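Participant: Here is what each chain is made of, one letter per residue.
There are 2 protein chains.
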Amino acid sequence: MEEKGISQAVIGRLPRYFRYLGELRDKGVERISSQELSRLMRVTASQIRQDFNNFGGFGQQGYGYNVEFLYKEIGRILGLDKTHHLIIIGAGNLGQALGNYINFERRGFILKGIFDKNPALYGKKVREIEVQPMDRVEEFVRENDIDIAVLTVPKSSAVEVAETLAANGIKAFWNFAHVDLNVPEGIQVENVHLSDSLMKLSYNLERYNKEQENG
Amino acid sequence: MEEKGISQAVIGRLPRYFRYLGELRDKGVERISSQELSRLMRVTASQIRQDFNNFGGFGQQGYGYNVEFLYKEIGRILGLDKTHHLIIIGAGNLGQALGNYINFERRGFILKGIFDKNPALYGKKVREIEVQPMDRVEEFVRENDIDIAVLTVPKSSAVEVAETLAANGIKAFWNFAHVDLNVPEGIQVENVHLSDSLMKLSYNLERYNKEQENG
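In order, the protein sequences belong to chains A and B.
Heads up: the first sequence runs through residues 9 to 223, numbered per this note's numbering.
Heads up: the second sequence runs through residues 9 to 223, numbered per this note's numbering.
Derived from the structure by calculation, the hints contain no laboratory data.
Predicted model only: the values in this text are computed from it and were never measured.
Do not take every clue at face value.
Any copy, or any two copies together, can satisfy a pair, since identical chains are not distinguished.
What the hints assert, rightly or not - List time: in silico DMTMM-like cross-link candidates among lysine to aspartate or glutamate, alpha-carbon distance up to 25 Å:
id, residue 1, residue 2
1, K80, E136
2, K125, E219
3, K218, E138
4, K133, E214
5, K218, E168
6, K90, E219
7, K125, E171
8, K218, E193
9, K35, D188
10, K163, D204
Working from the sequences, and respecting the hints, build out all of it.
Facilitator: Printed below as a string of structure tokens:
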């Protein structure tokens, strides 16, 4: 079953299904109906069936879904059956936090290198991996089969860094810099704009407060 | 102009408009047409006009938008004209990274306290703010007019911590724990599930690789 032309909204929901199914599996649950999954995840059963139909449906509704099968299939669709090699650009607090997050390794995202332009950080270790100078990154990417770069640099340097890395073979950017990257066609970018997320929270908080004031 | 019933998709785009308008303002640009903004932001002019129409349109199209006015209006809609008091729960790498991020303060999000249950971290300073023991957090929230809690604790404790904080007056959670919170009606939650974001990147990378292989 090929998954052509699936909307990013559907893709964006897959990791949450994967998370819930992993928890069910860890609890020893073998089968679950779309109704039960719906109650657990607080989305409609219809939404779940529609989402899964994008990938062929994953099995018979009447008997519910096989949890183990569904977990593995969604993992495969997400590319989690493959190993990915990551580097982190920017060894500040956020870069170190991401580098220390071992759950990523469990999912097949293997940290291979960390780079920074601040000499004070050279040699500092994040889980056995030493921070290296930025001027070594191009050679490192070419020689170590790196496919994902995590950008935790200031926005003033992120665009240029991304261009350089893309030219040396990086296929995907996980971008924490508060700027939109400008990369060639075919290179994937996933933005985590933390300020944007905090502003959205602020909006919803203000909105609710206003509604309460207005009765 | 009231902004009732606006979709979260529109709200989710407001911070990006705010960011671009802030950059235009900093460059001294006074007016911009929806066409120019469209080219800059790589969204259609029609999308921009539709988004802005949710808030009354922000001025005459023929003359373009007044950048300063639009920047301030969107900031006001996002609640950035108010001051918010934050606490961070969890003083690990990620908690420290967020605590050190001074741009949040520029937007009116003022860090008032950091809490952790690990005694080894008590007294450690993140920008002049000392990490305090978790058992002080309830009193602190009640006495310091805290409205937002940032959760950077493991998922095993996040749900319980959120319930306790909500019972003591926290109105909004910025949740980095990899679990869906269960909070009372009217309490706002904005999730930053980093693993989900990385999995989405992985999906798009695999998808593209497969398309290339299949010609």
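Participant: So, for every hint listed, does it hold in this structure?
Facilitator: Hint-by-hint comparison with the structure:
1. In the homo-oligomer, the alpha carbons of K80 and E136 never lie at most 25 Å apart, since the shortest distance is 30 Å inside one protomer and 47 Å across protomers.
2. Taking the shortest Cα distances, K125 and E219 never come within 25 Å of each other, neither inside one copy (48 Å) nor across copies (36 Å).
3. For a Cα distance limit of 25 Å, the shortest separation of K218 from E138 qualifies neither inside one copy, at 50 Å, nor across copies, at 34 Å.
4. In this assembly of identical chains, the alpha carbons of K133 and E214 never lie at most 25 Å apart, being 42 Å within a copy and 30 Å across copies at closest.
5. For the identical chains of this complex, K218 and E168 are neighbours neither inside a copy (42 Å) nor across copies (28 Å), given an alpha-carbon limit of 25 Å.
6. In this assembly of identical chains, the alpha carbons of K90 and E219 lie at most 25 Å apart only when taken from different copies (16 Å versus 48 Å within one copy).
7. Only within a single protomer do K125 and E171 lie at most 25 Å apart by alpha-carbon distance; the minimum there is 17 Å, versus 42 Å between protomers.
8. Taking the shortest alpha-carbon separations for K218 and E193, only the inter-copy value of 15 Å comes in at or below 25 Å, while the best intra-copy value is 43 Å.
9. For a Cα distance limit of 25 Å, the shortest separation of K35 from D188 across copies, 17 Å, qualifies, whereas the shortest one inside one copy, 41 Å, does not.
10. For a Cα distance limit of 25 Å, the shortest separation of K163 from D204 qualifies both inside one copy, at 14 Å, and across copies, at 23 Å.
The earlier numbered hints that this structure contradicts are 1, 2, 3, 4, 5.
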